[in-house]
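**Student:** Single-letter residue listing:
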Amino acid sequence: MRAPLSPGQERLWLLQKLDPRDALYTMYLVHRLRGPLDADAIEGAFADLAARHESLRTRFEEEDGVPWAVAEPPGAPGGVPVVERIPAGDEERARRLVAERVNAPFDLAEGVPLRVALVEIGPLDHVLCVTMHHIIGDGWSLGILLDDLAECYTARLRGRAPDLAPLPVRPSDYARWQRRRADRAVPYWQERLADPPSPDLPCGLGGEGAGGVRDEDRAGYQVVRTGREVAEALDRLAREHRTTLFTVLMTAYQVLLHRHTGQTDILVGTAVAGRDRVELEPMVGYLSQTVVLRGDLDGDPSFAELLRRTRQEALTAMSKPSVPFERIGHPAEALMPTMFILHTQNTGPTRPFGDLSVGEFPDDYRQVKLGLYAEARLEDGGIVVSLGHDGSSGSPHEAEAVRRLADRFLLLLESAAAEPHRRISELRVWTAGDDADIRSMAGDGEGAPGPAVPEMIAESVRRAPDAVAVVCGETEITYAELDRRAARLAAALRERGVRRGDVVGVCLPRSAEAIVALLAVWRAGAAYLPFEPDEPEERLVFALADAGATRVITNRALPEGLTAVDPLAGGDEAAWEGPAEAEPGDVAYVIFTSGSTGRPKGVAVEHGAIAARIRWMREEYGMTPGDRVVQFASLSFDTHLEEVFPALAAGATLVLLPGGAATLPDLLAAPGGERVTVLDLPTAYWHHLVEEIDQIAWPPGLRLVVIGGEQASGGAVARWRGRFGDRVRLLNTYGPTEAAVIATSADLGGPRHGRPPIGRPIGATTVHLLDAAGAPVPKGAIGELVIGGAGVARGYLRRPALTAAAFVPDPSGRPGSRRYRTGDRARWTQDGELEFLGRIDGQLKVRGFRIEPGEVEARLLDHPGVGQAFVTVHAEELVAYVTGTATGEELAAHLARTLPRHLVPAAWVVLDSLPLTSRGKVDRAALPAPVRETSAGHVPPGTDAELLVAEIWAELLGIAAVGVNDDFFTLGGHSLLATRIAARLRRATGVEVPMRTIFERRTVAELAVALEDLLVADLENMSEEEAERLLSSAGG
Amino acid sequence: MTDSPMLVVVNDEDQYSVWWSDREPPAGWRPTGFAGTRQECLDHIETVWTDMRPLSARDRGR
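Chains as they are written, first to last, in my numbering: chain U, 1 to 1036; chain Z, 10001 to 10062.
Take these hints with a grain of salt, some might be off.
[As the list claims (entries may be wrong)] Here are the in silico distance ranges between beta carbons for each label pair:
id, chain 1, residue 1, chain 2, residue 2, range
1, Z, D10022, U, R308, 38 to 48 angstroms
2, U, L24, Z, D10022, 24 to 34 angstroms
3, U, G722, Z, R10038, 46 to 56 angstroms
4, U, E573, Z, S10056, 22 to 32 angstroms
5, Z, R10038, U, A960, 15 to 25 angstroms
6, Z, G10033, U, E459, 45 to 55 angstroms
7, Z, R10038, U, E459, 45 to 55 angstroms
[Stated by the list, open to error] To list a few chain U residues with every Cβ distance to chain Z over 12 angstroms, as calculated:
id, residue
8, E10
9, A109
10, S198
11, E577
12, V587
13, Y796
14, G832
Hints were generated in silico from the structure; no laboratory data involved.
None of the values given here were measured: they were computed from a predicted structure.
Just so you know, even glycine gets a beta-carbon here, dropped at the ideal spot from N, CA and C.
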């Protein structure tokens, strides 16, 4: 007889098929039977049992991908369970045999998924071990099985028929009925579980952590138990609220998750017996239902108030039949990242089992179904809670982390029992050990006092005036010359009225003049405000006005009201008293960052703050006069300070990239490049270099690479270490402009697991992770990263409210000190390192650039042809989705007038309307991916060189057919990809194509011609044989 | 930070910020007397914090 499966069975069948070796769905009944045992009677009793319960003789067949349940007739050969009798000899071995069985998977294609073993420890001492696949029985079924087995065995011994009432319903009838009910419940669940929140779990378990993959070796259970009084108080609380202990514990579990993740929308699954009709009660089968409860913890309610909410949710949700997650339209991990179950089944039979006494026996079950899984049971008046974890955090300390979590749950239960009217943010969760951890991980904000940056550089000048300070192309200038030129320009600034406390703009190309200009501004007692050489005029004017600056060191013509100072201008140095020492409280520089309301904001950083940073970097980066440090970052970003000043403060040589940052591979490959010792790169750029690691001319003396700006990829770090081992130190840094360049660092040396961390607070810096109520959280919990100590900026120029909101009182620092709220989410790992987890708000990072989409959106909405605008990131590019009549081309031109290049979207999608979720937010999943337009007149590549170039572009840009007239940048190419184009061309032809060429020869045809020219030039220096080989490879 | 009532606080450098009304401000900070929602406090600060230089920098004229 063949029957359809219930929806729940279908799901299990599918999951088992996806991973046949998975033992997650093995159910077991393990009991110790002491006394005289009749093994034949046991065997007979199982035959009786299988005849009675259809599930115990049901196997599963697949036909055209559809599973069917096939029940063997009672008594048929396949329908009588085989009882395996195993002499164990001792308890130790019995235990091992049981553990093997309960942790073994079932192949659903191989007959009835049921195994029975009778393990003999001694003549009067046996262990019964029944295992079956969940698809034929649930937890409730195990109780029935034991009861019915006891009766059948006793009846056999006594020579009578078992006293069991006939079963009114068969599992196959139930399956058909349940299919119809589930169909009707689909709309309810689709609506109730729409827009599931990000499935965060404590301690990096589940999807979000480093691993995200189940690891049986690290999986396990951690058990805690409450006292009797706590259990009684919680039970009383339940009754006062006309609910059950389950609801109270479920509420507490939601609070535990909330306090660890900050989420207020929390999904927790649970199991309900699904036996709400009398006729379903005596059946063996898979009837239990997995139901997801959606907790709403918004508004920091009291525990009692939250209990009322949970009660209401449980009453509604638990009365509905569950439906397979696949039909709700979201992956199971998103809908049910974790479960909580309160077990109430009895552990022993309710009927006599012959003359045997039935006891417990350790099962050593190791399977954990979810990242985190909580179950509770009552024992001796207390509540026993066990937390199962599946090894998915990737941390070798996972068991320890979950142990802490269990301890915290215990504390929380005690706190809720004692003070149910407290807000959930005020309930005790963190242990004394947690509080001690928070203090020791936070770091020390008090730095040792030391000289300001200009004094450190003056010391370098005094020590070795003839050492080379700056190299720019063919130009080299010594420390003495740098100092002399800075003094001259400073005098010129003084003559033009610059005074202490002023702000002076610097808008120059990458050049020695630019470095001189920064030093000259400081020497004149002012702060510098750096710009891109091609900064849009509107933004330049806005920023200068905002900073109250009127003078700019530049070669550009400036609008009226602004004074341009020639970078080569000289003043009479004798006419003023000379530089005064910079006070720690003087502003050193102002950097404008993207502002969410549409206006950029100027961050003012004082000399004391940047001096603390530069002193730490000089020391930590081990800078010496022998170092050659590449200046990669644009001066308009604060990363430039991390390159320029530790180098100059140590008397090292700064190597500029006059052709632009993207020409770094050219610089490394050119004469002199081999002498570079230190690189400081945006993480996104470094990722691209690592992709082509064998094509880059890494300098033999390279000893340190500092990366930062984005989440580093574990794969890239592994690849890097595979190539360089510990020879080149790799330092991952993190920090916002508001905390003076960087605030944390991690040495990515040594063996690592999972995603690279951002490390620990650096010198003179504190880091706390704060929850929504402003309280610090310990290891395993997520909070907002807040930075205190010497590097905290003065604030945002002329933005009192913004400054007061972001720079807040620091209770852990000196009296009156402030700390900066970054808006970044992070977590302390078990090792006390910080793991970066993205933004609290919508701020984006594109190739290392910090972007407030709100700023771009506000500018787009200024355009009369735009109705709605939404800006996001897709494939390392800024993408704008707009409605209205304007074209992408028009809008790009509109933005370019006011915004710097990195804020102008590279891809445009015009829609009739923005897709919205049922909660009214932009539905990111429904946004179409931007499509690249290739040029109108498509001419396929013809020559060998064109074919090669087109093929490489097509692969790196992800475009099917590239024509010879297509422009690299119009197709979505950017400087990071250009690095890889050059590397691929080199790999294919052996010819070094300068980065500059990729930028200048922007079409396939142009670049192909350039490539041919380079090949010819190379050929002239080659033997005939080498040339032949090369030409044939270029054609391939 | 939620909608709980907040205070405007100021430190010895005449720098402003906000703090919870039901918690003691950290050492070196004192309430100015203004209380309200977080947004009301920030709006108030926008009008009263006119010279954003720290007091010690103002004394030196920079």
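**Student:** Looking at the structure, which of the earlier hints fail to hold?
**Tutor:** 1, 2, 5, 12 and 13
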